[in-house]
Amino acid sequence: MAESNSSTRFVFPRWANYMLPILVVSAIGGALYVPVLAQLVASPRTLDAGYAPEQPVQFSHALHAGQLGMDCRYCHVGVDKGPHSSLPATQICMNCHSLVKTDSPKLAAVFESWKSGKPVPWVRVHDLPDFVYFNHSAHVNRGVSCFECHGRVDQMDKIQQVAPLSMAWCLDCHREPAKRLRPLDEITNLGWKPPKEKKAADDLAVYLAKDQYHVRDSQYMTSCSLCHR
Amino acid sequence: MVAQIEKEFPGYTPEHISGTSRRSFMKLMGASMALAGLTLSGCRRWPEERLVPQTSNPEGRIPGLSEIYATVMEMNGVGHGLLAVSYQGRPIKVEGNPLHPMVRVNERHGSADAFAQASVLELYDPDRARGFYVREGNTYRASSVAAFREAAGTMFGGNGAGVLVISETSNSPTVLDMKKRFMSKFPQAKWVEWEPISNDNERVATQMAFGQVLRPLLKLDQADVVFSLDADLLGMHPAHTRYAADWASRRKSADQNRTMNRVYMAESQFSITGAVADARLGIRPSRAKLIITALAERLGVGGIKAAGTLEGNEQKFVEAAAADLKAAGNKAVITAGAHLAPDVQAVSFAINAALGATGNTVVLLPVPDADRPTHADGIKVAADALKSGNVKTLLIIGGNPAYDAPAELDLAKLIGGVTNSVHVSIYRNETSLAAHWNVPKAHYLEAWGDARGYDGTLSVAQPLIEPLFGGVSTIEVLAMLTGDQVTAGHDLVRRTIEPLLGGNDKELAFRRMMHDGVLAESAAKPVQVAAKPSPPPSPAVPGEGGSTLEVRFFADPSVFDGRYANSGWLQETPDPLTKLTWDNAALFSPKDAKALGINGGDMVKITVDGQSLEIAAFVQPGQPVGVIGLPLGYGRGAAGNVGSGLGFNTYKIRTSNTLFAAAGAQVSKLNTRYKLVTTQNDYILNMDHIGREGAEERIGAKHESGSVVRETTLAQYKQNPRAAHPKAHGNLNLQLFDPPSHFNDPHAWGMAVDMSTCIGCNACVVACVSENNIPVVGKPEVAEHRQMHWIRIDRYFKGTAEDPEPEIAFQPMLCVHCENAPCEQVCPVAATVHDSEGLNTMVYNRCIGTRYCSNNCPYKVRRFNYFDWHSLDPRGGRFPKPWLGIPDQQQVESIDAIKQMVFNPDVTVRMRGVMEKCTYCVQRIENVKIKAKNDHLAGKRDSELVQDGEVLTACQQACPTQAITFGNINDKNAWVTQLHQNPRSYSVLEELNTRPRTKFLAKLRNPNEALAEGHGAGEGKAALTPPPSGPGEGKKGTSFEGVNA
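If you read the sequences in order, they're chains A and B.
1311 is the number of the first residue of the first sequence in our numbering; add one for each residue after it.
581 is the number of the first residue of the second sequence in our numbering; add one for each residue after it.
Don't take every hint at face value.
To be verified - Simulated pairs of lysine-lysine, DSBU-like, Cα-Cα distance not exceeding 30 Å: (1) A:1503 - B:1511; (2) A:1489 - B:1520; (3) B:1511 - A:1489; (4) A:1509 - A:1520; (5) B:1511 - A:1391; (6) A:1520 - B:1520; (7) B:1440 - A:1391; (8) B:1511 - A:1520; (9) A:1428 - B:1479; (10) B:1440 - B:1255; (11) A:1428 - A:1468.
What the hints contain is simulated information worked out from the structure, not anything from laboratory work.
Please build the complete structure, drawing on both the sequences and the hints.
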């Protein structure tokens, strides 16, 4: 039908003129959608940093590590010996709390655990994927402070994750570790600052990386087998 | 198209594999993508995890670091000293204890064999006996230890009249002590022992020859010439680890001083000892006496005359052996299989004495339980007692006599006829289901115990974990039954051990013993005996005439006598010689098979003495002509979810008179076929004449070196150390661009595999499975070549299909970590890349499963997770039907909680859709590296570099012959570096310029020239391998097969 009659020829309606810009906008939007989703919404920075679940005991690091100035290793005994930092056994809590605050309702779960022999089921905050093998002793014995991954724990009332703990974030440091190193006796001093003067700071970084900790080159430090097994 | 697929991939059946067509797969994938997008289900934090510290931490335990405890595993009455690795309280791996003289390999490590390695899986087997059970009518009701104790009070009373005990054999001092106490409390009770695989004929033989029961221990490291008559010294012998290590030390000596031992093996069943022997003769079981007496005659021993006449090749063999033995004098050793008739073995003792070997290369040790009746007599006594109806109470300790006792005794029925019967067993097996009470036995990793090694070395077994299923140990049960004041396993062991400890501080001495795993100097002292002249052997050779077929029963290398049938690790481990998995089969020599018109996979009916058995046939080159090999241990009815119903029960035709062999077998071919699955021919591309020529070039004809499988003889090696390397390949220095190199910072990892000492024993394979969380896939998937083993042992035959004595070479093959790796070049996502120390790493979380790497790998060592193997049941049918019919339960069905416990936490458990392969045990390397550097920074050691021998790969640690060496090739003094510079060393497929980090050392044989000449001349250039699958079956010709087309 309708051959050769120009008056019945199909003409795009006027609103069709808007189609082109709409198409362009949605194409750009669509192209941006996935990266934006991946970078902002699904990123560990968004999903994981700031994670602070309720714990069975309202333990305050700010009080213990901050105000009382207890060393991290008093409770996290395995941190410089094995792969895990190791959570304190109930016994470690009881070392003090058999004498201190023995009637505090906040400690009910600890006393219960001590009495029953059942452990306190802490909620894991810093959780790496199962194919990643992070070794605490390999870091804290080589000048990487707790602070680098865990932040100012000594100021946290409720423990929370501050770093994204993503692989890109790990590699930031593994590619350029020198600046993040500190002397061995300052490892658990979370408030430590490198010397203010730039040259002194740089010299210290170089000294620590090269002479004290023998940090290897970035090809070694970024080998897959270092963390994945 | 189907025809084309069949042409390209013979045997490939897509429907079997997925059960889903491509079209429905695309539909489902589309739907799931849409769902994923809708719910953003990928963008959520993973499930909350709990951290549970102990309420009080045991001193010295660092969470995340494994601990090692010495212990001992008793198997068939012989203790194997082990080190058990415990991670957070759960044992996950066992190794050999280097302080135990029977498993010691060198100062750094001992070897735990395949059975010991697999014992960890047994511990966590969900099918194990869980709790006490008592029969009520036709069913069993769960009961309790208290109820059993009460019932036992009535069952075991008075002076024990009417009480019969059938026990598995044990040399444990505490078990023997408890037995003594039991017998003194119940003096009228009868106590017999039964083991289907028994060395008791050796007891009779030593009694005959020396007037007392003794145990010969060979010193193979002292022996220049070894003559073995049907004794599988390196395989199934109770001291095989020691023997393998000693044998290997005399093979490796070729490199140092150009000497080697020479092993003669006359055997009625093809064994791995025969496979690595320098001269091998396949004989009928009935010829054993003739061979040994003829040998004695030629050596002029005590007036012994040959019990018949030798045939042509037998004569040549015996004469060559006699000449060598005579020359070696007291550096020779003769041994006869412990299953052989006592008079045959007695002759071997006489020869040893005549040669001066006794006390030199053969020492005779006392045995702790010399006064007990033999197993064969014991079970007959038990059966008679049961038949007479006088047995009121039957106690069966361990074992499975209802399944494995001689067939004519019909013990299952007899046991069922006793009202008060108790079976103490780790599994609820056939015997349990005939017994009234089922008592769960604790695993050796769960209970206190002790055991003596083959040489008498005493070890304590200490529990590493509470009994998972409420098991009790044998000694605890006996303490319960005798009303002993002492009830706890630890105290019982302590009571027996303490008097044996030296010194005043018993506590210290006991702790020392637990720490070391052995009591120092506790090995039995050799007995000095004047070798009595051997009694004149009875004249007739049974079953002579030689025309009838004989059957030969032997312990299966995977399941032993059937006790390990429910171990998926062992079932999936290919048999060393047949490479069969998940099955046993009647083994026929190619000649017999041809005469009978049998092809591999045919069902046959074998009738011996009126008892008959239907079983699948497998054509096995090298199987002695006229002998049908029947592996025991399969066809289990109540093994468990994995082992029940696999293979064929050969016990059905094994009677008291034919425990090891029987003559006069009738074989008829049935018209049915059975699918046997063997792995040797996986990855063979095609076998037209081009493929055949290629294979011949790579494997080499008999007595010749191939490009992949290189070998030479000691004589040639002496003249030219590089004699094994056939010809140079093209110039590999002319490259278009520089291949990647310099992966050597700070270490350069490398491996050396010595084919000269590999005996194909599979210890490495199971060790690797245990160390690296390798899944079991099941028989249907192995049939699709989907087994996941990171290390396989290639077994190459050389010679024609009909050759009765083909040559064999074992070549362990694992990822060789090419510097110029073909896999890395084709991975689209860089999921496999090199690290700075030369490891070809596999990054699971990057892998998208294209499988290009596997296709491009010339060594065929990469394995793909087609399914989520760990959460699937290898036998199928246990888990619910998968969601939407997709054959996978990824992250829907979690892995069974008990099965999870066996995992090594240092190794990622791989999921569906990723590739995996040997990592050189990267987890061990990293752990040692971290510790070394920590210690160095703490000033505890000089170098932060890993020293030679600090890192042992799992396969290396398990190897009894040190065929595998791993280390840092930057270190000029490292053992591995020395081996790389050995003139025998070569790279497999070096013409591809892959530059592997694993080098192989050519095999050395030490044949007797007198024998070798005869061979070659008659046959000319032997056409090689692989001969057709079955006689007359030229088609495809890929194999010696059992895989049926």
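Tested hints:
Under the criterion of a C-alpha separation no larger than 30 Å, the hint pairing residue 1503 (chain A) with residue 1511 (chain B) is consistent with the structure, at around 29 Å. Simply put, residue 1489 (chain A) and residue 1520 (chain B) have alpha-carbon atoms about 27 Å apart, close enough for the 30 Å limit, and the pair holds. Of the pairs offered as hints, the one joining residue 1511 (chain B) and residue 1489 (chain A) holds, with about 24 Å between alpha carbons and a cut-off of 30 Å not exceeded. Between residue 1509 (chain A) and residue 1520 (chain A) the CA atoms are separated by roughly 16 Å; this keeps the pair inside 30 Å, and the hint holds.
At roughly 9 Å between alpha-carbon atoms, residue 1511 (chain B) and residue 1391 (chain A) fall within 30 Å of each other, so this suggested pair holds. Our distance criterion of 30 Å between C-alpha atoms is met by residue 1520 (chain A) and residue 1520 (chain B), whose separation comes to about 20 Å. Taking the CA atoms of residue 1440 (chain B) and residue 1391 (chain A), the gap is near 40 Å; set against the 30 Å cutoff, the hint is violated. Restraint check: the Cα-Cα separation between residue 1511 (chain B) and residue 1520 (chain A) comes to about 19 Å, which is no more than 30 Å; the hinted pair holds.
A threshold of 30 Å between alpha carbons decides the hint, and for residue 1428 (chain A) with residue 1479 (chain B) the separation of about 24 Å falls inside it, so the pair holds. Of the supplied pair hints, the one linking residue 1440 (chain B) and residue 1255 (chain B) holds, its CA atoms being roughly 24 Å apart against a limit of 30 Å. For the hint pairing residue 1428 (chain A) with residue 1468 (chain A), the CA-to-CA distance comes to about 23 Å; that is within 30 Å, so the pair holds.
The structure does not agree with numbered hint 7 stated previously, though it agrees with all others.
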